[in-house]
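Engineer: Residue-level listing of the chains:
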Amino acid sequence: MALALQQLINGLTLGAVYGLIAIGYTMVYGIIGMINFAHGDIYMVSAFIAVTAFTLLAAAGITSVPLALAVVLFVSVLFTSVYGWAVERTAYRPLRGSTRLAPLISAIGMSIFLQNMVQLTQGARVKPIPPVLVGGFDIFEADGFTVHLSYSQVLIIVVTVLLMSGFTWMISRTSFGRQQRACEQDMTMTGLLGIHVDRIISLTFMLGATLAAVAGVLVTVYYGVVDFYIGFVAGIKAFTAAVLGGIGSMPGAMLGGVLIGLIEAFWAAYLSPEYKDVATFSILILVLMFRPSGLLGRPEVEKV
Amino acid sequence: MMLELSGVHAHYGAISALRSIDLSVQVGEVVTLIGANGAGKSTLMMSLFGKPRASAGRIVFDGEDITGLPAHEVARRGIALVPEGRRIFPRMTVMENLQMGAVLADPLNFEADLKRMFALFPILDERRQQRAGTLSGGEQQMLAIARALMARPKLLLLDEPSLGLAPLMIRRIFQVIRELNRDHGMTVLLVEQNAHHALRVAHRGYVLQHGRIVLSGSGRELLASAEVRAAYLEGGQPAGRRAE
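Just so you know, the sequences run in chain order A and B.
As numbered in the numbering used here, residues 1 to 304 make up the first sequence, in order.
As numbered in the numbering used here, residues 1 to 244 make up the second sequence, in order.
Watch out, some of these pointers could steer you wrong.
[Claimed, not checked] Quick partial rundown of chain A residues pointing at chain B, CB under 7 Å, derived from the structure:
1. Asp143
2. Thr146
3. Gly177
4. Arg178
5. Ala182
6. Gln185
7. Leu193
8. Gly194
9. Ile195
10. Ile200
These are computed hints drawn from the structure, not numbers from a lab.
Ideal placement from N, C-alpha and C gives every residue a C-beta, glycine not left out.
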């Protein structure tokens with residue numbers, strides 16, 4: 001019971017992070033119909049920006065945790081969204097109007113490029129940061145097992161909930177959100193109404209990168225270590241989350257993220273921690289085989 | 001002169017879709033473009049927005065050369081299109097569709113323009129919170145027209161607004177076109193297969209065949225022309241339309 005509660009907390013934390021990254025996949029897919037395989041690496045880059053920023057702040061003698069967090073979030077979001085913009089501008093936009101496969105291959109190339117760039121400039125070794133947010137609450141004790149909720153977990157869940165609420169509001173209520181949805185439904189028509197479609201696509205990439213950046217900062221605070229390869233695994237899991245929830249659906253991405261996080265946590269606790277990735281990828285295969293439109297997605301209808 | 005095309009050519013790959021098109025629309029006019037399926041009518045409309053881009057010739061709108069401008073820039077200069085197949089945003093509400101149409105307009109005009117649209121098409125008022133994809137064909141057509149008008153365009157392009165609609169609805173749509181032109185001075189370029197209705201509402205018309213303009217004249221002249229009658233009004237009329 002206590003273990004289950006602990007894994008619920010851990011799973012929700014992990015799921016929140018996957019959900020944040022998954023939104024980037026799902027938004028980009030929704031608007032231009034491609035899987036941005038470099039998105040996981042955008043997240044990885046944001047984690048490195050966070051590490052650098054934390055290190056610089058520590059060197060500058062800033063000890064206030066909330067201040068440090070706010071500054072690092074701001075810096076990481078700023079730089080990472082520029083990365084998101086640049087990736088779209090250089091690797092995908094020139095290929096618009098070519099075959100569906102071309103941007104996909106370009107995305108894989110971009111992913112390899114980002115990994116290698118970080119490996120070369122930052123080194124291949126795991127980079128640690130001094131603990132930023134230590135401590136937590138012991139909320140429950142049974143059979144000699146204490147259920148622990150750390151401050152960093154609280155931070156992750158609270159920030160994610162706030163961000164997703166804000167995001168949902170923006171997409172459903174604001175003028176930009178409307179234009180974004182219009183592009184998803186009929187890009188040509190949106191252009192005919194006087195909207196600069198390329199700008200909306202750029203902003204979509206930047207927003208996806210923004211959420212990934214927040215995820216990167218949160219994970220850095222949570223685990224305290226990063227390496228150039230974290231984007232690959234986290235990216236594929238978030239992609240699985242997006243597919244599970246229904247690619248193109250934003251609530252689906254959040255739901256999928258939480259489910260993948262929970263499945264992973266419970267699988268690791270009760271079955272085998274070594275095979276938790278197998279569980280995730282089995283889900284990906286099963287969903288693709290039996291319910292390709294995911295839990296909340298619309299079935300793909302061929303336009304004729 | 002509101003719109004003037006001179007010597008416009010356009011291609012889809014190697015296939016020539018428009019050949020040496022000369023066409024003009026004066027301020028306050030309703031001009032119609034009739035022709036059979038595949039004659040290039042929709043291509044001509046879309047070529048104004050650079051889709052496909054004119055490979056030769058010039059398109060001048062309101063004194064400015066707009067040849068080769070991207071679609072959103074053309075729209076910003078005051079051309080609104082009600083496209084073939086309506087292309088309303090199906091997963092948005094009626095209201096959201098109208099807001100999308102008003103992106104280019106001054107937000108201060110929004111409420112007043114909305115009121116005008118609901119006066120023109122009362123059914124849209126009743127359905128304002130309904131998803132546009134659930135509307136009937138005729139209602140979607142009204143929404144598409146209202147969405148275009150929300151931008152307060154100088155030139156309204158209508159691409160086959162009567163396609164697939166019930167006779168009563170077709171009459172209503174043409175009545176609206178006439179009202180817009182007569183009471184609000186709206187300049188209209190209308191593409192139609194329904195030559196009979198189109199020529200009666202239009203001041204002037206052009207006949208397009210295989211991407212070429214083969215005939216032009218006033219609506220009345222074209223209605224009376226033997227060629228037009230043979231090709232688009234009698235023999236050439238698809239089954240089902242004759243009864244109107």
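Engineer: Taking the hints in turn, state whether each one holds.
Structural biologist: Status of the hints after comparison with the structure:
Because the smallest distance between the Cβ of Asp143 of chain A and any Cβ of chain B comes to about 51 Å, over 7 Å, the interface hint for this residue is violated. For Thr146 of chain A, the suggested interface contact is broken, since its CB lies about 48 Å from the closest CB of chain B, more than 7 Å. Interface hint at Gly177 of chain A: violated, since its Cβ lies 10 Å from the closest Cβ of chain B, which is beyond the 7 Å cut-off. For Arg178 of chain A, the interface hint holds, the least distance from its beta-carbon to any beta-carbon of chain B being 6 Å, beneath 7 Å.
Satisfaction of the interface hint for Ala182 of chain A is found here, the shortest Cβ-Cβ separation to chain B being roughly 5 Å, below the 7 Å cut-off. The interface hint given for Gln185 of chain A is met, as the beta carbon of that residue sits about 5 Å from the closest beta carbon of chain B, less than 7 Å. Interface hint at Leu193 of chain A: satisfied, since its Cβ lies 6 Å from the closest Cβ of chain B, which is below the 7 Å cut-off. With 7 Å as the threshold, the beta carbon of Gly194 of chain A comes within range of chain B, its nearest partner Cβ sitting at about 4 Å, so the hint holds.
Annotation: interface hint on Ile195 of chain A holds; nearest CB of chain B at approximately 6 Å, less than 7 Å. The beta carbon of Ile200 of chain A is not positioned within 7 Å of any beta carbon in chain B (closest approach about 10 Å), and the interface hint is therefore violated.
The earlier numbered hints that this structure contradicts are 1, 2, 3, 10.
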